[in-house]
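A.B. asks: Chain by chain, the residues:
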Amino acid sequence: MSAAPTLERRAVMRKLVADRGGLLVVPGLGSTTYDLAAAGDHPLNFYLWGAMGGAAMIGLGLALAQPARRVLVATGDGEMLMGLGALATIAVQQPKNLAVVVIDNERYAETGLQETHTAHGCDLAGVAKAAGFASVSTVRTEAELAAAVPLLREAPGPIFATIKVTPERPPFVLPSNDGVYIKNRFRAALLETPS
Amino acid sequence: MSSDTSTSATWPDEIYNVLVDEKVRQVAYVPDAGHTRLIDHCRANSAMKAVMLTTEEEGIAMLAGAWLGGERGVLLMQSSGVGNCINMLSLSTVCRFPLLMLVTMRGEWGEFNPWQIPMGQGTGPVLEQAGVLVHRIDRAADAAETVLAAARIAFSGDRAAAVLIAQRVIGTKAFK
Numbered sequence: 209m210s211a212a213p214t215l216e217r218r219a220v221m222r223k224l225v226a227d228r229g230g231l232l233v234v235p236g237l238g239s240t241t242y243d244l245a246a247a248g249d250h251p252l253n254f255y256l257w258g259a260m261g262g263a264a265m266i267g268l269g270l271a272l273a274q275p276a277r278r279v280l281v282a283t284g285d286g287e288m289l290m291g292l293g294a295l296a297t298i299a300v301q302q303p304k305n306l307a308v309v310v311i312d313n314e315r316y317a318e319t320g321l322q323e324t325h326t327a328h329g330c331d332l333a334g335v336a337k338a339a340g341f342a343s344v345s346t347v348r349t350e351a352e353l354a355a356a357v358p359l360l361r362e363a364p365g366p367i368f369a370t371i372k373v374t375p376e377r378p379p380f381v382l383p384s385n386d387g388v389y390i391k392n393r394f395r396a397a398l399l400e401t402p403s
Numbered sequence: 141m142s143s144d145t146s147t148s149a150t151w152p153d154e155i156y157n158v159l160v161d162e163k164v165r166q167v168a169y170v171p172d173a174g175h176t177r178l179i180d181h182c183r184a185n186s187a188m189k190a191v192m193l194t195t196e197e198e199g200i201a202m203l204a205g206a207w208l209g210g211e212r213g214v215l216l217m218q219s220s221g222v223g224n225c226i227n228m229l230s231l232s233t234v235c236r237f238p239l240l241m242l243v244t245m246r247g248e249w250g251e252f253n254p255w256q257i258p259m260g261q262g263t264g265p266v267l268e269q270a271g272v273l274v275h276r277i278d279r280a281a282d283a284a285e286t287v288l289a290a291a292r293i294a295f296s297g298d299r300a301a302a303v304l305i306a307q308r309v310i311g312t313k314a315f316k
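The listed protein sequences derive, respectively, from chains C and W. Final position of the first sequence in this note's numbering is 403; the numbers increase by one with none missing. Final position of the second sequence in this note's numbering is 316; the numbers increase by one with none missing.
Keep in mind that the hints were calculated from the coordinates and are not lab data. Keep in mind that the hints are not guaranteed to be accurate.
[What the hints assert, rightly or not] So these bits of chain C aren't anywhere near chain W, every CB distance computed over 10 Å:
id	residue
1	P213
2	E216
3	D227
4	M260
5	A296
6	A333
7	E350
8	R377
9	P383
[What the hints assert, rightly or not] With beta-carbon atoms standing in for the labels, derived distance ranges:
id	chain 1	residue 1	chain 2	residue 2	range
10	W	A173	C	A355	42 to 52 Å
11	W	R292	C	A276	22 to 32 Å
12	W	I257	C	D249	41 to 51 Å
[Claimed, not checked] Covered stretches of chain C, going by a simulated chain W footprint (3 or more residues, C-beta under 8 Å):
id	region
13	265 to 274
14	281 to 295
15	388 to 395
Idealized CB from N, CA, C, for every residue including glycine.
Here chain C stands alone, though its shape is the one from the complex (with noise of 0.2 Å):
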């Protein structure tokens, strides 16, 4: 077994986004919406309260409406494994512009830290390249996260990482739940807007 992670999943966060320009972020339900929610608000943001496995194909369809536009989904472990096959459905699609960032503590935090898969040795990173992904890394240290996040933002997609953080639960910070309030907040920056 390797080390216990170091990083924590808020720092990640706000790594992850800043000086963030015109990125498009699609976090998670649960941890990873009040993750990206602490890290500041944003009206290109599309948080999510439920629809659990679904965040990396709202990236690819978002990615794939806005090849110009940087995506980037930044969901939990526990998410990801819900929707493994998106991987395989998003590597046939090879888009240049989708980053996939999986936050992963190794445990469902919303229901009790109890541990998935990830725990037990699963290797989302090694999901990701045998399903087809240009790019897949595992990030453990601070020095790996400074050396991914340029290449999450930048080098050509699909790019996949893994960055494993503690199992900590930091206070909620909750961002709107109401999803037509987020959805119309969101296209109207996105489209209505000049970039």
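Place chain W on chain C using the hints.
C.D. replies: Below, chain W without anything else, positioned relative to chain C:
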């Protein structure tokens, strides 16, 4: 394979023309015998992005992303795939994403496979329970106008709309 009607029928061509007219740009599908001709047309159109799924609920999420990005889409599947979509449909209904689903029916007219019958018989009620507006094509001649009606209520009414294409229209599968 399907009976003779599916190889000569023009209803898939008519549905395709509606999708073109309605400016559908993303076509999410799980390969299906009843939708073969429509899928082939979409794959051949360079203005459409035809995306093969591993399971139907991926398409619900993908088309939500498409709409966020300013594009219209359609989800093509067989009735057995509807059961895979139920929780993901909350994305469409809560956020009021337009969603157009075209569903080829199994488990009804002349079905020989008992394993198709439970989901086939449940398809319409299950979709309605999940908040989807359900349309149905029982005659091939009604295909285009029914798909157009569903597309309008989806894209202009910001709702999830399904069109169930009857097994009698598609032709009953026979192993021979």
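A.B. asks: Which of the listed hints are not met by the structure?
C.D. replies: Going through the list in order, the structure violates hints 4, 5 and respects the others.
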